[in-house]
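Protein chains: 2
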Amino acid sequence: MSDKVRIALDAMGGDHGPAVAVAGAELALARHPGSEFLFFGDSALIAPLLDARPKLKSASRLVHTDIAVRMADKPSQALRYGRWKSSMWLAIDAVKKGDADMVVSGGNTGALMAMSKFNLKTLSGIERPAIAALWPTLRGESIVLDVGASIGADAEHLIDLAVMGAATARILFGLQRPTVGLLNIGVEEAKGLEQVREAGRLLREENFPDLDYLGFVEGDDIGRGKVDVVVTEGFAGNIALKAAEGTARQIGEYLKGAMTRSLSARIGYLFARSAFRQLRERMDPRRANGGVFLGLNGIVIKSHGGTDAEGFAAAIELGYGVVQDELLAKIRAALERPGKPRRHTQSQALGQAVGSQVLGSQIVGGAAS
Amino acid sequence: MSDKVRIALDAMGGDHGPAVAVAGAELALARHPGSEFLFFGDSALIAPLLDARPKLKSASRLVHTDIAVRMADKPSQALRYGRWKSSMWLAIDAVKKGDADMVVSGGNTGALMAMSKFNLKTLSGIERPAIAALWPTLRGESIVLDVGASIGADAEHLIDLAVMGAATARILFGLQRPTVGLLNIGVEEAKGLEQVREAGRLLREENFPDLDYLGFVEGDDIGRGKVDVVVTEGFAGNIALKAAEGTARQIGEYLKGAMTRSLSARIGYLFARSAFRQLRERMDPRRANGGVFLGLNGIVIKSHGGTDAEGFAAAIELGYGVVQDELLAKIRAALERPGKPRRHTQSQALGQAVGSQVLGSQIVGGAAS
Numbered sequence: 037m038s039d040k041v042r043i044a045l046d047a048m049g050g051d052h053g054p055a056v057a058v059a060g061a062e063l064a065l066a067r068h069p070g071s072e073f074l075f076f077g078d079s080a081l082i083a084p085l086l087d088a089r090p091k092l093k094s095a096s097r098l099v100h101t102d103i104a105v106r107m108a109d110k111p112s113q114a115l116r117y118g119r120w121k122s123s124m125w126l127a128i129d130a131v132k133k134g135d136a137d138m139v140v141s142g143g144n145t146g147a148l149m150a151m152s153k154f155n156l157k158t159l160s161g162i163e164r165p166a167i168a169a170l171w172p173t174l175r176g177e178s179i180v181l182d183v184g185a186s187i188g189a190d191a192e193h194l195i196d197l198a199v200m201g202a203a204t205a206r207i208l209f210g211l212q213r214p215t216v217g218l219l220n221i222g223v224e225e226a227k228g229l230e231q232v233r234e235a236g237r238l239l240r241e242e243n244f245p246d247l248d249y250l251g252f253v254e255g256d257d258i259g260r261g262k263v264d265v266v267v268t269e270g271f272a273g274n275i276a277l278k279a280a281e282g283t284a285r286q287i288g289e290y291l292k293g294a295m296t297r298s299l300s301a302r303i304g305y306l307f308a309r310s311a312f313r314q315l316r317e318r319m320d321p322r323r324a325n326g327g328v329f330l331g332l333n334g335i336v337i338k339s340h341g342g343t344d345a346e347g348f349a350a351a352i353e354l355g356y357g358v359v360q361d362e363l364l365a366k367i368r369a370a371l372e373r374p375g376k377p378r379r380h381t382q383s384q385a386l387g388q389a390v391g392s393q394v395l396g397s398q399i400v401g402g403a404a405s
Numbered sequence: 037m038s039d040k041v042r043i044a045l046d047a048m049g050g051d052h053g054p055a056v057a058v059a060g061a062e063l064a065l066a067r068h069p070g071s072e073f074l075f076f077g078d079s080a081l082i083a084p085l086l087d088a089r090p091k092l093k094s095a096s097r098l099v100h101t102d103i104a105v106r107m108a109d110k111p112s113q114a115l116r117y118g119r120w121k122s123s124m125w126l127a128i129d130a131v132k133k134g135d136a137d138m139v140v141s142g143g144n145t146g147a148l149m150a151m152s153k154f155n156l157k158t159l160s161g162i163e164r165p166a167i168a169a170l171w172p173t174l175r176g177e178s179i180v181l182d183v184g185a186s187i188g189a190d191a192e193h194l195i196d197l198a199v200m201g202a203a204t205a206r207i208l209f210g211l212q213r214p215t216v217g218l219l220n221i222g223v224e225e226a227k228g229l230e231q232v233r234e235a236g237r238l239l240r241e242e243n244f245p246d247l248d249y250l251g252f253v254e255g256d257d258i259g260r261g262k263v264d265v266v267v268t269e270g271f272a273g274n275i276a277l278k279a280a281e282g283t284a285r286q287i288g289e290y291l292k293g294a295m296t297r298s299l300s301a302r303i304g305y306l307f308a309r310s311a312f313r314q315l316r317e318r319m320d321p322r323r324a325n326g327g328v329f330l331g332l333n334g335i336v337i338k339s340h341g342g343t344d345a346e347g348f349a350a351a352i353e354l355g356y357g358v359v360q361d362e363l364l365a366k367i368r369a370a371l372e373r374p375g376k377p378r379r380h381t382q383s384q385a386l387g388q389a390v391g392s393q394v395l396g397s398q399i400v401g402g403a404a405s
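Line by line, the protein sequences give chains V and E. Take the first sequence: its letter number 304 is residue 340 in this note's numbering, and every next letter is one higher. Take the second sequence: its letter number 222 is residue 258 in this note's numbering, and every next letter is one higher.
So that you can see chain V by itself, here it is in the shape it has in the complex (with noise of 0.2 Å):
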């Protein structure tokens, strides 16, 4: 595939709109220039946006829509009244129709994973969709999923997840055979969930050709990068990801407080501002925006609704990794590969209790709603 990668966009997603999505899309244009952007939504407000914008103007179509779905919504009532005719699914749409190679949003997280389940379907062989988050690490950046598409999982659907990471760090990494652990608390073979250690025990046994299990990770092997792809239900993925995500901002606020203290701080941060301007960007959550919808007949991205242009950029950039290499292809060949292990587990407690209600209020904020 070129570098013409056709994008989707949902305009009217995020708390910003238009305006976040409509100057992310020209940051992604100047970095990939052969792209093409399909936006939808509110043309009143679109329009004026891409008029300023000549060189993106050029590469975009726009599709007015009269209705968005609001963030607030749940995913239920957001399908009652945005199915067919709203921004979030006709750019959803365009993927399915082959008129877009992914679809970006940065609106409401349960309503885009309902809308991306029911008009795109999931793969053969993947009952539940997930949602994968990039997470920087000491030793470069890891794959953590499921981050909250769904609650509670069984042993099979955690081997479907290990799957799926494994060929997207395949990917986006460039790796052979990505390393993978079960995120748990405690080490021991004996401790934690019945349902992640049977998961543990089929992909010891079944030695995956393309992805080279670990075994158990603790919350905070993650941020060491102690595997490419940690593997979890999305309640507690969700949970760590925030988690993740609040101690570093809450470190930059200690940070920005100590260096404004006392006269000889200030005098210390002007000597070391270019590293401190470093330290930002290595902390800066915009780097890491977007987190990929795996599992779909189609790629979604979903980018944090809270981002600005640069991080919607970022959002749009990680789409292009996964399109490029075609990571549908690569993850259905890994699904259907002899080696996968049959449905044979029965369901565990917590799978079979929640595992079935994924859509309505099971589908949840997500990575970054």
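Keep in mind that the hints were calculated from the coordinates and are not lab data. A couple of the hints might just be wrong.
If several chains are the same, the list does not tell them apart, and a pair holds so long as it fits within one copy or across any two.
Keeping only pairs whose Cα atoms sit at most 25 Å apart, straight-line, the calculated DMTMM-like set for lysine to aspartate or glutamate is [unchecked claim]: (1) K292 <-> E317; (2) K110 <-> E241; (3) K40 <-> E346.
Knowing the structure of chain V, use the given hints to seat chain E on it.
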């Protein structure tokens, strides 16, 4: 109660054994001159450490034990060979017998919880103990529980956690009516696990006099200090705690790297030295060392297994706060007050499935192991 607090110490626990326990006790004694210490462990190792500290020695008694619980053992194993005779068991037993006001151990979390539960028993009305951690926030500190005593929680257990956490916050933070939030993903009332929603409904309806329930909080709200008490089941709580610890360590590494990379950064560092010292202190995980086991007939403090003397002293300090304010009496009173909802809810999916498995492998790595 006067400053005369009697502290039983499992001197064999933790990665560094008696060296850290004895040096930590010395620091604690300097801060609380009326303290008395009861050391349990290998006297061949402990006696020389006490001989070198005459002041501490004169405030201490040493009980020799041959057996120490190993860090990697399962709780059931530890109970099998360590009951009645290990340093951990005997230290807990000193609280049971009234010879000590609290016990502090840096040992195996699961074993410590299992032995504490077996020996001290749970408070009337409490089925499962919890581990509460102090979490540094932008507004001060919050209490987060459960951070790993057991996996899964039904609505009733979450309410028990709220009541016990609030009683602890009243004492440690001197608050009349601490604010309480339920950890969830997404803040809308409709999101998240069934049992979390049910607990939220009950907390809102019952309107407890001693706590102010503010609704759901997300992972990034913990570090913001949005509520005084964050309530969650132990799996997600443990992962949140460790993800935050890992992020703090990671940013510390970034900062160190940034400040040594260029000459001007190094000069800046010199000027800002005291600011960095302050920052390091705020980020110091030893400051928040120590998880309090709640719901037992006795005060049990878990110190981080890898901490040093300063961290161990902080864990003792934590116990001081709760012993002097008679935490147990207050929790008992809160549990017995008429406002407490009856156990009228059906066990929810997750709680039902794993709620009864508190012993054995379901007791896990916890705050600190």
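TODO: Identify every previously stated hint that the structure contradicts and give their numbers, smallest first.
DONE: none
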